[in-house]
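A.B. asks: Start counting the sequence shown at 1; every next residue gets the next number (this note's numbering).
Be careful, since some hints might not be right.
Claimed, not checked - Calculated pairs, DSS-like style, for lysine-lysine (alpha carbon to alpha carbon, straight line, at most 27 Å):
hint, residue 1, residue 2
1, 432, 321
2, 321, 348
3, 348, 432
4, 143, 162
5, 162, 65
6, 91, 143
Quick caveat, the hints were computed from the structure, so don't treat them as lab data. Fair warning: this is a prediction, and the values are worked out from it, not measured in the lab.
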Amino acid sequence: MRTLFGRRGAHEASDPPRPTPLGGAAFTAAAVLAIALFVSVLGSAVTYVRVDAAYKQQNAVESAKGELEALFRSQLDEETSLRGYLASGQKVFLEPYTAAQPRFRQALDALQSDLEQAQLTDGYPVVFDVRHSHDLWQVQVAKPLLSHPTAPGEMELLQRGKTIVDRIRLDFTQLSDLLDSQSRLAQDAVRSLLLRAALLTAALILLFGAIAIVADIVRSRTQASLERERIVGDTLQRAFLSGWDSCPYIEVGTAYVSAARHLAIGGDLFDVHSVDDHRCLLVVADVSGKGLDAAVDTAFVKYSLRSLVAEHQDPSVILKKFNTAFLRSVRDDTSFVSLFAGVLDASKSTLQYASAGHSPVYVRRGDDVRQLPVTGPLIGLRIEDDFASAIETLAPHDIIVLSTDGFTEARDTAGMMIDDAGAMRIIREAPKPPQEMADFIVAAVTRASGGRIADDLALLVVELTGTGVGQTPAPQGFATTVGA
1 MRTLFGRRGA HEASDPPRPT PLGGAAFTAA AVLAIALFVS VLGSAVTYVR VDAAYKQQNA
61 VESAKGELEA LFRSQLDEET SLRGYLASGQ KVFLEPYTAA QPRFRQALDA LQSDLEQAQL
121 TDGYPVVFDV RHSHDLWQVQ VAKPLLSHPT APGEMELLQR GKTIVDRIRL DFTQLSDLLD
181 SQSRLAQDAV RSLLLRAALL TAALILLFGA IAIVADIVRS RTQASLERER IVGDTLQRAF
241 LSGWDSCPYI EVGTAYVSAA RHLAIGGDLF DVHSVDDHRC LLVVADVSGK GLDAAVDTAF
301 VKYSLRSLVA EHQDPSVILK KFNTAFLRSV RDDTSFVSLF AGVLDASKST LQYASAGHSP
361 VYVRRGDDVR QLPVTGPLIG LRIEDDFASA IETLAPHDII VLSTDGFTEA RDTAGMMIDD
421 AGAMRIIREA PKPPQEMADF IVAAVTRASG GRIADDLALL VVELTGTGVG QTPAPQGFAT
481 TVGA
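Let the hints inform the model, and build the full structure from the sequences given.
C.D. replies: Rendered as structure tokens:
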């Protein structure tokens, strides 16, 4: 790309495609889907964590209920063992007391652990009371009776033990009610969370489905609008490119390759206009921007130059006047044009031209190829800019290749540009018939770019096939005369 510094700052000779509303619609749809995915994943994760916590609490409650039953059985076993020993005197009944870890203590510790996991703080005081009552029963009832089973006061100790055991059983009942209530609450919480998850999922599906439908409608309408603009612009551009004149003393080959059909219409242009019986105007131009604005500017370039060449013979004067008209007429003050305008005079075998920042123009004579130099700045920078002209002396069957920078700035798969040297090599290797040469150049650019052309390419190949009266002798080598 050529970087330019002029009246409005820095510009580039070939602007990238401007963002279109279709891209915005596609971005919106992608954003909606991304948000939907994020919310769905986040909602699922939150629901999983809450349901998992509820299940763990419920499992802890159910485990506590099992430990409470085991605790109750252990208490009954201890009472039954004590009474069996007192009644029979057989120590076999004392197995619950001789165990290394009494089952009552194990069940009580497990119950307390389950209550902590279930976060049932209301059960802590009851468990403490059970532990205290059981210790009291052990110290005040069980141990005295085991030590002196036939001592006086046995009935009094048994009566005291019954009072303590009744208190333990009341604690058991209180714990059982607490665990049953918490179990129901845990089950209700799980059902509620699952119901909320189902309702949230359904709501998200409806919400994002509606948003996706709206986004698709907007995208479809935007795409239809862009397609209408593309068709209009494409029609205009085809009219501009195909509406060139036929001149009997030249043979013409043309090619136009769009970078991508879905992108906005560009501003590449070529033109052949018959001035009189032995002169024609050759034009190639690259208008900045995309879309209908660029197509309108392209029409302005084409028909302004045709009008000016009818009044002025010197291309430098034509470009000077066109630059003034462009600056006064263009709507976008950042627009500019790279432009080559040449008057081919078959009677004199000359090409008088002016090049406004447009370098991809070449002349081939036999197997020799040379590039025509730029003679002035871009159109549209400053109103006071001047444009020099030059005269190229031609020989019969010389070929002039005019292109936009989609030729020289095409990049291969390694990112290297074809540039001017590569362009001249391709022109040198191309077949001489103009249309075959144009097709060969397009094929070479496409092949070098890996099948994907990144910028529009307009080609005009002109061969001088005949001359008029007053023909000058055919030159032996290239000769260019530069004028003011």
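A.B. asks: Look at each hint and say if it fits the structure.
C.D. replies: Hint check:
For the given pair, residue 432 sits about 36 Å from residue 321 by alpha-carbon distance, which is inconsistent with the 27 Å threshold. In summary, the hint linking residue 321 to residue 348 is supported, as the alpha carbons are separated by about 25 Å, within the 27 Å threshold. With a C-alpha separation of about 22 Å, the suggested pairing of residue 348 with residue 432 holds against the 27 Å cut-off. Annotation: proposed proximity of residue 143 to residue 162 holds, straight-line Cα distance about 15 Å (limit 27 Å).
Using a Cα cut-off of 27 Å, the hinted pair residue 162 and residue 65 holds, with the two alpha carbons roughly 24 Å apart. Restraint check for residue 91 and residue 143: satisfied, since their Cα atoms lie roughly 14 Å apart, inside the 27 Å limit.
When each numbered hint is compared with the structure, a violation occurs for hint 1 only.
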